[in-house]
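Asks: Working from the sequences, and respecting the hints, build out all of it.
Respectively, the protein sequence lines represent chains A and B. In terms of our numbering, the first sequence has 233 at position 233, counting the first letter as 1, and numbering is strictly consecutive. In terms of our numbering, the second sequence has 150 at position 150, counting the first letter as 1, and numbering is strictly consecutive.
Keep in mind the hints are simulated off the structure, nothing from the lab. Be careful, since some hints might not be right.
Claimed, not checked - Between beta-carbon pairs, the in silico distance windows are:
#1 B:E282 x A:G63: 50 to 60 Å
#2 B:H365 x A:E159: 26 to 36 Å
#3 B:E282 x A:E171: 34 to 44 Å
#4 B:H365 x A:A829: 52 to 62 Å
#5 A:I842 x B:N378: 30 to 40 Å
#6 B:H365 x A:E171: 17 to 27 Å
#7 A:D22 x B:D175: 28 to 38 Å
#8 A:R854 x B:H365: 18 to 28 Å
All C-beta atoms, glycine included, are put in the ideal place defined by N, C-alpha and C.
These are the residues of each chain, in order.
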Amino acid sequence: MKPLRLRLENFASYRGPAAELDFGPLELFAIAGPTGAGKSTLLDAIIFALYGATPRLGPHPAGMISLGADRLSVTFDFQVQAQRYRVTRVARRRGAGNALLEQLEPDDDARPLNEGVREVNEAVARVVGLSYDAFTQAVVLPQGDFQKFLKSEPRGRREILSKILRLEIYERMRRVASGKSDIFAQAVQEQERRIAEDYAEATPEALSGLTTEADGLSSQIKELSERYAAAEARRDQMRVAREKTRELDQRRARLGQLQSAELQIRLYESRLGAARRGAPVLPLIRTAKTAEANAARANQEHEGLLKRHEQLGADHQEAQGRLKQATEEAAKIPALDERIAALDQVIGRMQPRPTLVLQLTEAKKQKLGAEASLKETRTASEKAEKALTGARLELRDADNAFAAIKFDGALFETLDAAREDTSRITNLRHAALTSAAELQAAAARLHVKEAARDRENAAADVATTEWERASHLTLTVDQELADARHRDAAALLRRQLRTGDPCPVCEHPVADHPPPLPTPALDALEKRLEQARGAEVKARRLLDAARSAATTAGAAAIAEQQTVAGASQRSEAAAAELAQASEALTNRVRGLIALDPERNIEEQLRDHYQVLSAERQRQETARAKREKADQGVRSAEQNEANLKNALATADHQLAQHDEKITDLTRQIAEIDEAIRKVTQAADPSAERMDLRRRRDNADKVLQQQQVAEANAARELASVAGRVAESGETCQRVATEAQRARSEAHDAAVAAGFADEAEAAQAEITSTEEQRISVQVETHRDESRRVQARVEELIGELNGTEVAEDALAGFETAAAQLRAELSAAERSKAELSTRIEILTKDIDRGNELRADLARQRLEHSLYRSLALDLRSDRFQAFLLDETFRELVSGASVRLWDLTKRYRFDWQNEAFFVVDHDNARQLRSADTLSGGETFLASLALALQLSEQVQKAAGATKLDSLFIDEGFGTLDPEALDAAASAIESLPVGGRMVGIISHIEELSLRLPARIRVKKGTEGSEINVEAA
Amino acid sequence: MLIVHTSDWHAGRLWKAIDRLPELETVLENLGDFIEHERVDLLLMSGDVFDTRGPPAAAERAVFRFFRRIGRAGTKTVVIAGNHDDPLRLEAWGTLAELVDVTTVARPRPADRGGVIECQARSGERAVIAAIPFAKTSDLVSASEIAVDDTTAHQRYAEGMRRIVELLTARFRTDSVNILMAHTHLDGATLAGSERQVHLGEEWAATPQSLPSTAHYVGLGHIHRPQQVQAAPSPTHYAGSPLQLDFGEIGEEKSFVVIRAEAGQPARIERVPYAGGKPLHEVRMTLPELEQQAERLRDAGWLRVTVPLAERDLDLNRKVRHLLGGAVVSVDYELPERTDGSETSLSRSGLAPVELFQLYYRTQHQSEAEAPLTAAFNDLLRTAEEGPE
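Replies: Quick look at the structure:
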């Protein structure tokens, strides 16, 4: 199973629009991102897509739906071997979900395979080749479950291994083997029966009987063959003789026919003779005819030439006339040449004229321009003169204005320098004023406070007097009360008596209580004393309050006095400083300016300074103005000088232009005069050209006519020669023709003909001649050959000619013997067939027996295989071996990772051997987090690689490792990272989930997962 | 000009749960003394300053203190990133380290953008330093090339390194001391065993032929074993690590390289041993022997103890550690070799089912499975695979 593509919608933290992940280019990669970003969720989604459940959430899809969504959907494309599949699952919060498994064709068309959650679950397990449990322990090593394989029960491990190793295929093989064993057992039985029934008689003995019979027949056939051969020979002799007899009869008949054709042949022979005699005459006749034709042609040619000669004579005369005319014309040429020379001279003089005219025009134009500019310059010059006068006036005014301004620079400097002091004095004055004001305020406050103090003191005095009076009253009343008490002692004593108590006076017990005596004065006094005491306390309280107020007011007054003293000191100091500064400043400016002792010095200075500043400003302005005016004068002078110069130059130029114009006009007039002397023509050039053309033409015509006349004369002479020649030829040819004719006649007579016409008649064509001579020859030849053959045959037969009847007897005898022989041979063939069949049957029987033996062997083979393939034999062996190798391989890996631990196993349980601690055996359960991780990793990697290598087993094309890295110390982390980094990827996809940047950066590619605002986001970061 | 070349400090390395930082601190202290005393002009640090991308603070402090010390003493330093260093981090602290004349190069750069460094000695002599920090495989070879063919990819990697070297060393000058620094594995170098594999396999290496012949000195990092690369055209050294980092390096004398170079003259090169690292020892002794020598062994360094035993002793670990204390890193024992053949590990990885069956048959029946049997087995397998579930 190799992941290709994952698409999530509302799956846990992947909320909202579909997130897509393309595994295509990834091989070894990290799934990186902070904790909780949704890294493990990607694995959950893959497992859920395949199996409808996840290790973290179990088979409860509702728990995987994002918050706020009602349904989730996951689409996962994956590949098993070369085939691609797509599984899609949808789950809802309420109601059933659905699932669909499709097969992807090469063109990405999807062909549905299964639908429905249960069907798809089963189909996926079949396609992937792993159950949910095996998948989650061998392919995806999820969070927390990473060490499950390491720590799970032996039985569970066994199951996982057997599923991964596909042991069920061996079980299937066993069933097939057992079935085959049964089939072979049946076959053996069947074969035995067949051999017993069908091949019992096919024995070697039967075969030998048949062979003897065949030998007898063979000798009989031999004897018949010999007899038949003799009869045949005789019959053949008779056939030859009979043939010759028949030929002899035929030849004799043919000889008769040939003799009767002899007359016709002789006629042919005489005709051939005449033709042969006439043959030499024939060429002579032909020669004579040719010569006669030649003579006629020569005559005709001669006539033609005569006519041509006459024509050429006329032509020549005409040419002579034309030549004469041309010669006359040519005689005028010298006159023309003279005239041309004269014109040439004029034209030479004319050449500079157009240039001169142009120059004249230009010069006139320039003169006009110069005049205009002169005028302009003059105007400007006048203007400049005026400007100069103005500027000079301005300068004088400015000078006057500047001189008018009185400004005492030294005073200004001094005042400017004193400005700082001025502002300091201002500040000092301000400070002095402020402190004086403060002093005044403090004195006022002191005054108020002193008044308050005096007031309080007076009040205190009054209160004292009051209290003294109250106190005195109390003393007086008290005295009166004492006197009264004395007076009323008995009454007082009586008040204290109690019945039974001893009497304070007589010490006798009081028998009975006398009634109290009335003491009205005493009571009144007592009341008065109480009142007086109350008044005294009140007065005292008032006195205390007044005294306290007086003390407070006194203290306030003292404090204020201090304030006043301070303020007074400050004020004096400020005044002193001010006075000092003022005096210093006054000294500085004394004698420079008039000072009003009544006014503040700084104000006076400030005023003076302002006045001076204004003056200075004015002076500056005046100076600037003067400078500007000065500059104006200078520039106006410069300007005027420049313009005067320009005027002189322009005058000079104008004179030059005039001179040039006069000169040019004169030159042109001279040229015109020279021309007029030679020609009146408007254009002497054109005239010259015309003259030249006429002269050249006359010359050319003369030459042409001379050539034409010469040609005509030459042609005439040539034709005259040819006319004489052709007359001679005519005569010669006629003579030749006469001679040839007489030669032909003579030859014909000599050959035995009457004349040459007869000789010509005897001629026959060569074809005819050939045909006749062949006919004659053939006839002679055949006659000769037939005669010879007849004589030969008579000799050969030697009188024994055989008739047809005699031959028939011999034929019959031979045919009879032949029939007898055939019958014997047929019997022999029948016997051979029987022998053949019997031989084959014997072989087949033998084959069947061999077959039987083989089937028996197969039977035992499959029986033993079925036995060996049982789950407690080969399968158990495989599991055992796999496990043993798993442990030893994982042990090597663990050692490479840690350089400390190896694996060992006892009774199918894992142990870790600690080589740094004297090979302490530690059960997998007692390892630390980091060690457990490394051990699990070693085991998982080994398992995954072993399964990968194991032939016939489910291919684990991918491996995902989730987490476990967080628990590692740096050293263990480095070990794990190095292990993962150097994993032999080999076409397998390995994904590591980690939030540790250090690890993910060490892998070639990363899938970055982060928590966005909407939900988790995926980003692939390839190598 | 006097130059010192050091490398592969791996500050902050944890080794078998032992913190090696105190040793490294001593080493750096002594190296600092040397540099100050000899008035060294230039220090080359060719990568793997720290062991991890996020080193412990103590390791950073030790390293930075060293740089501050020699920087104040007037020595200039060039540091390149190794495969253990985090380039971003190196760049980060490098910006501040400039204050004490430390120039850092975190990733391969063009010559005019930091790939070539020029500096001046106290005497005014100039040095040109071409610096090539560690380059990831993926920087030089594309993933698809790796996938297609190892050999091609390997050549591409070596070719990439060669071109970088060529580009940078083109800046060498005849009036300067010319130096190349790189953090890479070089074909033919001898590994110590404690190096982390740089790439997807050690065949990913640059070739000595790609190094320049115009350099006074080529200073390399990554390999922990100090050595000269003889096949290179210029004097080329791996400075190696200052500490023996793992038992594979037992007996190695760790040293740094001291180079005296002048423009236009061949450099004079010598090696000076580092001082301050604890040596690693492999101790193979019986218990009585250990007892006898315990005193000496306790202070000898880090120990891996292997005890020959006649039979297993379950208390061995405790006994040894009791005798030797904290110096012990590992305790293991050896038993007399047994020859009962129990270790006949059959490697059945990658075997075909029929071969597995033959193995089984041999074990089960003590005889070979004959041809007809194996043929029948194959037939069955085919039938079973093709047949329905």
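Asks: In ascending order, which of the hints set out earlier in this document are inconsistent with the structure?
Replies: 3 and 7
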